[in-house]
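J.: 27 is the number that the numbering used here gives to position 17 of the sequence shown; each next residue is one higher, with no gaps.
Keep in mind that the hints are not guaranteed to be accurate.
Said to hold, decoys possible - Distance ranges between label pairs, derived from CB positions:
no., residue 1, residue 2, range
1, E17, Y41, 11 to 21 Å
2, D30, F65, 17 to 27 Å
3, N34, S70, 19 to 29 Å
4, V69, Q13, 29 to 39 Å
5, S70, I29, 27 to 37 Å
6, V32, G56, 12 to 22 Å
Read the hints as simulated data drawn from the structure, not as lab findings. Even for Gly, the Cβ is constructed at its ideal location relative to N, Cα and C.
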Amino acid sequence: MRQIQREINDVAGFISSGIDEVSNVVRLEVYVATKELRDRLNARYGRGTVTLTGFLKPVS
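Put together the whole structure using the sequences plus the hints.
T.: In structure tokens, the structure reads:
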């Protein structure tokens, strides 16, 4: 989990990250959580390993 946390600190729009040991996930906060970013994280680390939260919402 710590290795994943270190790697995701380089994600564009990074605000913060943390490890939730109870849920066994890495929580990532970014300015805008896009579907593309979520798909990329799922492909690299496995579905549900990184939970993504966006501070802002994408404009349609």
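J.: Hint by hint, note whether the structure agrees.
T.: Against the structure, the hints:
1. E17 <-> Y41: 11 to 21 Å: Taking Cβ atoms as reference, E17 and Y41 lie about 18 Å apart, which means the hint holds.
2. D30 <-> F65: 17 to 27 Å: 18 Å, holds
3. N34 <-> S70: 19 to 29 Å: 34 Å, violated
4. V69 <-> Q13: 29 to 39 Å: 34 Å, holds
5. S70 <-> I29: 27 to 37 Å: 33 Å, holds
6. V32 <-> G56: 12 to 22 Å: 18 Å, holds
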